[in-house]
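Heads up: the protein sequence lines correspond to chains A and B, in order.
The first sequence begins at 73 in the numbering used here and counts up by one.
The second sequence begins at 305 in the numbering used here and counts up by one.
Misleading hints may appear alongside valid ones.
[To be verified] Here are the simulated BS3-like pairs of lysine-lysine, each with C-alpha atoms no more than 27 Å apart in a straight line: (1) A:Lys301 with B:Lys307; (2) A:Lys74 with B:Lys452; (3) B:Lys452 with A:Lys301; (4) B:Lys307 with A:Lys74; (5) A:Lys74 with B:Lys471.
Derived by calculation from the structure, the hints in this document are not laboratory data.
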Amino acid sequence: MKRHMLQFRALLSQSIQAEWASAERWLSPLLFALTMLLLFSFAFGRVEPAFIPQLFVAATFLTAFFALQIAFSRVLEPDMQDRVFDQLRSYPIAPTAWFLSKYLLVLMIGLMILLPTLVLADVFINETTISFLSLPLFVIATSSLIALGALGVLLSTMMLRSNARQILYPLLYFPLTTPVLLAAVESSKALLIEHHSLGHLLSSWLGLLVISGIMYFTLSLLLFGELVKPE
Amino acid sequence: MLKIHNLEFRYQFRRILQGVSFAAEAGEIVHIIGPNGAGKTTLMTILAGLRREHAGRIEYESKPGQVADDRRDFIEYLPAEANALYGKMDAMTNLRFWQSLRGLKSTDEALVNELELWDLDHPLIRQNFPVERYSTGMKRRLALARVKLSETPCWLLDEPLYGLDTKGIQTFQAMLQGHLQKGGQAWIVSHDTAPLSIFKLRTLDLGGKKS
Numbered sequence: 073m074k075r076h077m078l079q080f081r082a083l084l085s086q087s088i089q090a091e092w093a094s095a096e097r098w099l100s101p102l103l104f105a106l107t108m109l110l111l112f113s114f115a116f117g118r119v120e121p122a123f124i125p126q127l128f129v130a131a132t133f134l135t136a137f138f139a140l141q142i143a144f145s146r147v148l149e150p151d152m153q154d155r156v157f158d159q160l161r162s163y164p165i166a167p168t169a170w171f172l173s174k175y176l177l178v179l180m181i182g183l184m185i186l187l188p189t190l191v192l193a194d195v196f197i198n199e200t201t202i203s204f205l206s207l208p209l210f211v212i213a214t215s216s217l218i219a220l221g222a223l224g225v226l227l228s229t230m231m232l233r234s235n236a237r238q239i240l241y242p243l244l245y246f247p248l249t250t251p252v253l254l255a256a257v258e259s260s261k262a263l264l265i266e267h268h269s270l271g272h273l274l275s276s277w278l279g280l281l282v283i284s285g286i287m288y289f290t291l292s293l294l295l296f297g298e299l300v301k302p303e
Numbered sequence: 305m306l307k308i309h310n311l312e313f314r315y316q317f318r319r320i321l322q323g324v325s326f327a328a329e330a331g332e333i334v335h336i337i338g339p340n341g342a343g344k345t346t347l348m349t350i351l352a353g354l355r356r357e358h359a360g361r362i363e364y365e366s367k368p369g370q371v372a373d374d375r376r377d378f379i380e381y382l383p384a385e386a387n388a389l390y391g392k393m394d395a396m397t398n399l400r401f402w403q404s405l406r407g408l409k410s411t412d413e414a415l416v417n418e419l420e421l422w423d424l425d426h427p428l429i430r431q432n433f434p435v436e437r438y439s440t441g442m443k444r445r446l447a448l449a450r451v452k453l454s455e456t457p458c459w460l461l462d463e464p465l466y467g468l469d470t471k472g473i474q475t476f477q478a479m480l481q482g483h484l485q486k487g488g489q490a491w492i493v494s495h496d497t498a499p500l501s502i503f504k505l506r507t508l509d510l511g512g513k514k515s
């Protein structure tokens, strides 16, 4: 157990250092988000106040989804170079420690992209005087991140083993993330337009979001070990 | 130590390895030979745990009569056409990382001493200098330093001499000598046989006909 903990820490700190050394990998999704939200803002111009929450939800989740997709698809890039991934597989690493380190990294990168996206969307899209940013909205966004992050690690690892990775990643990622996105959008709409409480949301769309998160996390954790086994 | 029993490996419909059996004892070097396509690198990747054999058995005896649950605890692999180094990281960070995955932790002084053996100890290149800017030979030397620091008793070295200069080859020979004296073993694939001629080698010939 102690050894697995050491491996987890080593893998996580190495992954963070590798991400930091290649700032372009997390900077481009952030700049993409900024550009998208600016475009939305200019394209829609002045909007009827009643439609602003809907526009905010659509623009924010669309932007965040694509920005995260760009970031997640590249999260294992440092391991792909110089056959590092194969070397890791030849080491006695516990798959759980390996998966959790990558998952935590994905969550960190995800938050680094998601939080500025929410703030920027509130600045660019929300023309009302009342801010949309609230704890329940962060809960919804983070719940979707938990599910998307688990899928991100699983699919990125799967793609490392595949010859058709550039095609397979979007083909698998988009359909699998649809229920998560639907639940996130519906929850946000219910929160911002219908002003439902977090407790009420949990029994409806947010509940689905949380279940998707638990399901994808468990599935990814179990399948990751299979993906790093000998071919 | 490492034992192979009647190993078979197929790729698509071609049989790459068939009926390969071999056992190496402590202090031995196994020189794997055969023409291009004979399956030398394939055998190395199977032994390293990257590919699964289709038939046969591989065992690692950590003590006489005691087969290890996970042979990767005892084996360090050096691939042929790569060094498995993080290009954006410096030499010290790379060595520290791979050591920590095996639950080992050397002092900075020990790492510098190891780098000194490989002529990589200059302060300007050992820290805050990304490995991706190293020359081919420097990367290979760093990868060999990692092999030594793994403290594993069994080394799988696929073309370890690639890119090494005369001094690098001498350091490699000394490293291998020390490893064998400590009871380690090495399985080596190398087309450059001259530097290995100073050792007593056991040969595993994969040159047989395949179907």
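Checklist entry - Which of the numbered hints above does this structure break? => result 4 and 5
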